[in-house]
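*Asks:* The primary structure of each chain is shown beneath.
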Amino acid sequence: QSALTQPASVSGSPGQTITISCTGTSSDVGRYQYVSWYQQFPGKAPKLMIYEVFKRPSGVSDRFSGSQSDNTASLTISGLQAEDEADYYCSSWTPTSPYVFGTGTRVTVL
Amino acid sequence: QVQLQESGSGLVKPSQTLSLTCTVSSGSVSTGGYSWNWLRQPPGKGLEWIGYIYYTGSTFYNPSLKSRVSISVDRSENQFSLRLSSVTAADTAIYFCARGDWGLYYLDYLGHGTLVTVSS
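If you're matching them up, the sequences are chains R and P in order. Residues in the first sequence are numbered from 6 upward in steps of one, following our numbering. Residues in the second sequence are numbered from 150 upward in steps of one, following our numbering.
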């Protein structure tokens, strides 16, 4: 099972809105609603930000939102803040592996 | 708040077996509803799921690692463990344990991670 495709980097100025894409296939992202997103700071463990495509765990800012269209899931960060600078990974369930991760995206706040 | 803590050898020789244990607090590996997972992340690279064990003892492994991986559970200690055999330098990584939702497939609690280096 190949990794899901994410852009290597995305940047934005404080206050802007950015979107990170996560592209799979009709056998994973495009077929199942089991996409989750994780935020990871250097030297730290990943943290769950979104699950089931668009649901937010308690305590996660509503500036983070998720969506899906065809074979691509997206994570949108609105009102970008310096504290959002981190790596972000998507994950999708597949019939052969319950957690296939994306290649990861480095978010830089300019 | 569920807490997970990895422990084990940080240095393993090539061809030997990597062994790690995850101790779970404020949660139980003996109740249903959750899978108990291992992930890894080579330095500077992305995440890779290794496998999970369910409270029944059933396991599911990453097909690319299946021939070398074994995950077990110790209900008396509220721990689960990872064994990865025939390691090479490519197995050098930070290893995380995590709790997964059974059925919705997301990881809601992760340990801090432990670095395992494969070197002679």
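Since the hints were made in silico from the structure, they are not lab data. It is possible that part of the hints are untrue.
What the hints assert, rightly or not - Here are some of the chain P residues that sit facing chain R, going by a computed Cβ distance under 10 Å:
(1) G182
(2) L188
(3) E197
(4) Y204
(5) P212
(6) S216
(7) D250
(8) L256
(9) D257
(10) Y258
(11) G260
We put the beta carbon where it would ideally sit given N, CA and C, even for glycine.
*Asks:* Could you work out which of the previously given hints the structure breaks and list their numbers from low to high?
*Replies:* 1, 4, 6
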